Amino acid sequence: MKKLINDPSSVLADALRGVELAHPDTVRVDHENRLVVRADAPRPGKVGLVSGGGSGHEPMHGGFVGRGMLDAAACGEVFTSPTPDQVFAATVAVNGGAGVLHIVKNYTGDVMNFEMAAELAGAEGIEVASVLTADDVAVTDSLYTAGRRGVGVTVLVEKIAGAAAEEGYDLAKLAELAQRVADNGRSMGLALTSCTVPAAGRPTFELADDEIELGIGIHGEPGRERQPLAPVKELASRLVTPILSDFDFTGAPVIVLCNGMGGTPLIELYGLFAETCDLLSAAGVQVARSLVGNYITSLEMAGASITLLRADDEMLRLWDAPVTTSGMTW
Amino acid sequence: MKKLINDPSSVLADALRGVELAHPDTVRVDHENRLVVRADAPRPGKVGLVSGGGSGHEPMHGGFVGRGMLDAAACGEVFTSPTPDQVFAATVAVNGGAGVLHIVKNYTGDVMNFEMAAELAGAEGIEVASVLTADDVAVTDSLYTAGRRGVGVTVLVEKIAGAAAEEGYDLAKLAELAQRVADNGRSMGLALTSCTVPAAGRPTFELADDEIELGIGIHGEPGRERQPLAPVKELASRLVTPILSDFDFTGAPVIVLCNGMGGTPLIELYGLFAETCDLLSAAGVQVARSLVGNYITSLEMAGASITLLRADDEMLRLWDAPVTTSGMTW
Amino acid sequence: MTSELTVQKFAAWMHAFADDVVANEALLTDLDRQIGDADHGGNMVRGMKAVAELDAADFANARDYAKKAAMTLIGKVGGAAGPLYGTLLLRLAAALPDDGPIDHAGWSAALHAGVDGVRDRGKASAGDKTMLDALLPAVEAFDANPDDAWAAAAAAADAGRAATVPMVAHKGRASYLGERSAGVADPGATSSTLLVQAAARTLA
Amino acid sequence: MTSELTVQKFAAWMHAFADDVVANEALLTDLDRQIGDADHGGNMVRGMKAVAELDAADFANARDYAKKAAMTLIGKVGGAAGPLYGTLLLRLAAALPDDGPIDHAGWSAALHAGVDGVRDRGKASAGDKTMLDALLPAVEAFDANPDDAWAAAAAAADAGRAATVPMVAHKGRASYLGERSAGVADPGATSSTLLVQAAARTLA
Ligand SMILES: Nc1ncnc2c1ncn2[C@@H]1O[C@H](COP(=O)(O)OP(=O)(O)O)[C@@H](O)[C@H]1O
Ligand SMILES: Nc1ncnc2c1ncn2[C@@H]1O[C@H](COP(=O)(O)OP(=O)(O)O)[C@@H](O)[C@H]1O
Ligand SMILES: [Mg+2]
Ligand SMILES: [Mg+2]
Ligand SMILES: [Mg+2]
Ligand SMILES: [Mg+2]
Chain A
1 MKKLINDPSS
11 VLADALRGVE
21 LAHPDTVRVD
31 HENRLVVRAD
41 APRPGKVGLV
51 SGGGSGHEPM
61 HGGFVGRGML
71 DAAACGEVFT
81 SPTPDQVFAA
91 TVAVNGGAGV
101 LHIVKNYTGD
111 VMNFEMAAEL
121 AGAEGIEVAS
131 VLTADDVAVT
141 DSLYTAGRRG
151 VGVTVLVEKI
161 AGAAAEEGYD
171 LAKLAELAQR
181 VADNGRSMGL
191 ALTSCTVPAA
201 GRPTFELADD
211 EIELGIGIHG
221 EPGRERQPLA
231 PVKELASRLV
241 TPILSDFDFT
251 GAPVIVLCNG
261 MGGTPLIELY
271 GLFAETCDLL
281 SAAGVQVARS
291 LVGNYITSLE
301 MAGASITLLR
311 ADDEMLRLWD
321 APVTTSGMTW
Chain B
1001 MKKLINDPSS
1011 VLADALRGVE
1021 LAHPDTVRVD
1031 HENRLVVRAD
1041 APRPGKVGLV
1051 SGGGSGHEPM
1061 HGGFVGRGML
1071 DAAACGEVFT
1081 SPTPDQVFAA
1091 TVAVNGGAGV
1101 LHIVKNYTGD
1111 VMNFEMAAEL
1121 AGAEGIEVAS
1131 VLTADDVAVT
1141 DSLYTAGRRG
1151 VGVTVLVEKI
1161 AGAAAEEGYD
1171 LAKLAELAQR
1181 VADNGRSMGL
1191 ALTSCTVPAA
1201 GRPTFELADD
1211 EIELGIGIHG
1221 EPGRERQPLA
1231 PVKELASRLV
1241 TPILSDFDFT
1251 GAPVIVLCNG
1261 MGGTPLIELY
1271 GLFAETCDLL
1281 SAAGVQVARS
1291 LVGNYITSLE
1301 MAGASITLLR
1311 ADDEMLRLWD
1321 APVTTSGMTW
Chain C
2001 MTSELTVQKF
2011 AAWMHAFADD
2021 VVANEALLTD
2031 LDRQIGDADH
2041 GGNMVRGMKA
2051 VAELDAADFA
2061 NARDYAKKAA
2071 MTLIGKVGGA
2081 AGPLYGTLLL
2091 RLAAALPDDG
2101 PIDHAGWSAA
2111 LHAGVDGVRD
2121 RGKASAGDKT
2131 MLDALLPAVE
2141 AFDANPDDAW
2151 AAAAAAADAG
2161 RAATVPMVAH
2171 KGRASYLGER
2181 SAGVADPGAT
2191 SSTLLVQAAA
2201 RTLA
Chain D
3001 MTSELTVQKF
3011 AAWMHAFADD
3021 VVANEALLTD
3031 LDRQIGDADH
3041 GGNMVRGMKA
3051 VAELDAADFA
3061 NARDYAKKAA
3071 MTLIGKVGGA
3081 AGPLYGTLLL
3091 RLAAALPDDG
3101 PIDHAGWSAA
3111 LHAGVDGVRD
3121 RGKASAGDKT
3131 MLDALLPAVE
3141 AFDANPDDAW
3151 AAAAAAADAG
3161 RAATVPMVAH
3171 KGRASYLGER
3181 SAGVADPGAT
3191 SSTLLVQAAA
3201 RTLA
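Chains as they are written, first to last, in this note's numbering: chain A, 1 to 330; chain B, 1001 to 1330; chain C, 2001 to 2204; chain D, 3001 to 3204.
These are calculated hints, taken from the structure and not from any lab test. Some hints could be false.
Below, computed lysine to aspartate or glutamate pairings styled on EDC-like, alpha-carbon distance capped at 20 Å [what the hints assert, rightly or not]:
| id | chain 1 | residue 1 | chain 2 | residue 2 |
| --- | --- | --- | --- | --- |
| 1 | D | 3067 | B | 1119 |
| 2 | A | 2 | B | 1234 |
| 3 | C | 2049 | A | 170 |
| 4 | D | 3123 | B | 1234 |
| 5 | C | 2076 | A | 115 |
| 6 | A | 46 | A | 170 |
| 7 | A | 2 | A | 206 |
| 8 | C | 2123 | A | 119 |
| 9 | A | 2 | B | 1210 |
All values reported here derive from a predicted model rather than from experimental measurement.
Excised from the complex, chain A in its bound form (with noise of 0.2 Å):
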């Protein structure tokens, strides 16, 4: 395992000193309760957005911090969802009195911890509202499983629910347009090579040359099939022709997440994402905004994913609102 630590045991209280000294006006860090919250938090009268899960997703979440985004992230060990104890520190801090949404993405693990700190933060006064990402069409979902995981529309989730409690929204409202975003958004991605989690000090899955894992999730675990690698123009489609045959994205402008797993270069993204573009014109999907680069990653993995997001006028406006964050800034 090569990699740029001490010791897979400190990986993640070195990272969020670094944070700290990099981003002084954005954000504040807790390193007791590892947490990345927005210097001026909390913010009376606005509603709180707080999200987290396991580290190794950067710039997602603590990278999201700041204006118009979210204001606090709660940071789990590599690949662990935090604890109760973690998210509902969080909410405290960045409770100003309307309430606070939590944005969960779907893994039992996650939904878990929220949901006892959640109840946490009710036994206190606090009033929470959550939201779930559940976007991967990798996954199969039904009553008998755990459902598909939240993987991209959590990106944009934050972003336009940040933008919109920056508004204003009451946390009933905002609620009600975050899940309507998760809802409305697909996401699928591959895999080139394996990530190593530092615990484990040897990659997670092993892939010949020439072979790809095709609906990955993000945290190293092995996709749902091991296929051929093939020019990024057939790649595009393996991710684009699920996302399309689960949602109908046509009639309404579409936000696509063109997004590195971490270890693809960007040269290979923009490749990726003109690929894309061309088959969802082919498809006749609008693409109204779009984003290219690593936004949620997968450690040092090769690899991408794209997600759909059918948006609306309002969720436009909220998108196209100002964001001042180390991991998004327009």
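Please arrange chains B, C and D with the ligands on chain A, whose structure you already have, making use of the hints.
Just chains B, C and D with the ligands now, kept in the frame of chain A:
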């Protein structure tokens, strides 16, 4: 070789198509000449800023085209400096009558191609000044060598000169400032893994699991020395120590760039940045501004570089000025 | 089967479990690497090391100690394992009698409460390839073998763990793999087996 | 030694060089991979393919053809090789006589002009481990062997190329490697050898 590409020969053309689709508000793309040009160029009365170089270093340079930074980037093939024709076309495209500044990284090819382009532009009556970046302390500088490579400081020159051009600096003043920034910056990089040039199809060098290359540039060229892997605290010192022994960074505000080579995740870069800050503070260096992320990369190489710039009030003011590009925005 | 319930006894169980988790960290992580996200070993070690640092002398009775151990897991572990093991211990603690004699029925009630807690929290069923596939047979065997309850439970947990190997996961992270989740033992069922085995060594 | 200078003759040289570059792309890239940045093969192929696409019929004389070939290299190649090979051909073209008979002195003057161009452009000297280490001995051998000039030049270029193997580079990208640049032939000296060898096949 596992890459999200169609063909080694189409990587750049495909990526430029994606850039055009992703950033229609900020830039336009000249596909024939492989230029990324600021959407509103040329701006009458403003000095035009042109940089460029081989591709594979994204976001540099195409991602730095926009308000407050470059007016155009000439994109060579992967790791191959652009031709004089390309640089000349970029120069013409951004000439608003106040002359054009070329920002050139010190590589034999880049220097020669930009020189020839400047001659062509001069013949057309366009005034061109050039600034050369040569900040890599890994390389011995002497009369009998090609001199130091231009690396991380190039990003800082582009930001600071871009803001100055926006403010209305004339060509002579701009060139003086830009060269001053270049001369006051020093960098050092290391690699944990090699990158693979698409056309070569195999890694440029091979490292054992416990080895690093110290003193690498940005073209996948091997470094000066192979060393054992070590904790990031120690690696930070192997980067910072030669920088500090090369140039005096005390007694002035310093801008720090903690840069990823493309395949190193943000969580590690923040850890490296924290260790770097510790070392700088122990050495009495005052960190005034910082930037952590992937800014000048070598395709998918895992590794990082540190750049220090001995700044002054003028540079800090220009550093803080607004910038709107896909690779850097504030 | 009647024994004494004391803080020390309960703490001995937790220490034995902590030791086993530390000794098996690589195994737990490697199972999770194959069908999950490679953190179960680290998660359990982080949590149980913190539990092992509790000073038994600080607690009035086993119930309070167990409750604190539960809160420690919840506060330290995260992931799926944190809330699940935390809830298991929290409910088990609440069902414990006061310190003093505890008989087979007393332990049975506590174990049932704990395992029901896991079921409530995680909404998984037998056969979903989770820790329940070790815990449910363990409790069943405990009930059915009053004379040798802990040993029977430990054996049943291990058999349940082994039975997860061919299973296709329906809950937890391994479920994302679909059919490809078959062939590897469930990490949580494996750590749960260590828990029951530690009980058999310390509580029998 | 006197021969005819025609567009066709000059174009034959360029086509032969293009063929050799294409056939040796992997070698050139691999040499550059070891002591440079792995693009010399691609650079030369891109440039010489474009040169090979020029239609000899479009040009009035060899000089014009050579000038266009030079501009094509400058416009297509980039890197260090583009300006260097471009300048080589541009200066060589300027020194060519009109189409018609060209003797040993005529070719010698043209070659000297071209190689001096490389030296002016790149500011390297003999022994710096660059293309000059093939080109300089080639020109010298050409001059010294009026009867068998091209063959002698080709042999000298190849010997010069081989002599770059142990050299430590002082110019170009390989110089960044310091001592570690020794042990591999210089990519540009290797492609330059192909250029002179192609001349020996087509111009002799
Ligand atoms: N819904 C559930 N009910 C019961 N146990 C579960 C459930 N989901 C996951 N588990 C257990 O948790 C274990 C994984 O724990 P761990 O790796 O620590 O957390 P995570 O899956 O969040 O990374 C699985 O092996 C499984 O036994
Ligand atoms: N200053 C120089 N003078 C002469 N030849 C040079 C000089 N610098 C580099 N070269 C030649 O150029 C070759 C490399 O060309 P190429 O790989 O195409 O360009 P780059 O080095 O820009 O990637 C070297 O092998 C060397 O022969
Ligand atoms: Mg986990
Ligand atoms: Mg090159
Ligand atoms: Mg896990
Ligand atoms: Mg090269």
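Verification of the hints:
no., hint, result
1, 3067(D) with 1119(B), "holds (18 Å)"
2, 2(A) with 1234(B), "holds (14 Å)"
3, 2049(C) with 170(A), "violated (43 Å)"
4, 3123(D) with 1234(B), "violated (39 Å)"
5, 2076(C) with 115(A), "holds (16 Å)"
6, 46(A) with 170(A), "holds (8 Å)"
7, 2(A) with 206(A), "holds (16 Å)"
8, 2123(C) with 119(A), "holds (18 Å)"
9, 2(A) with 1210(B), "holds (7 Å)"
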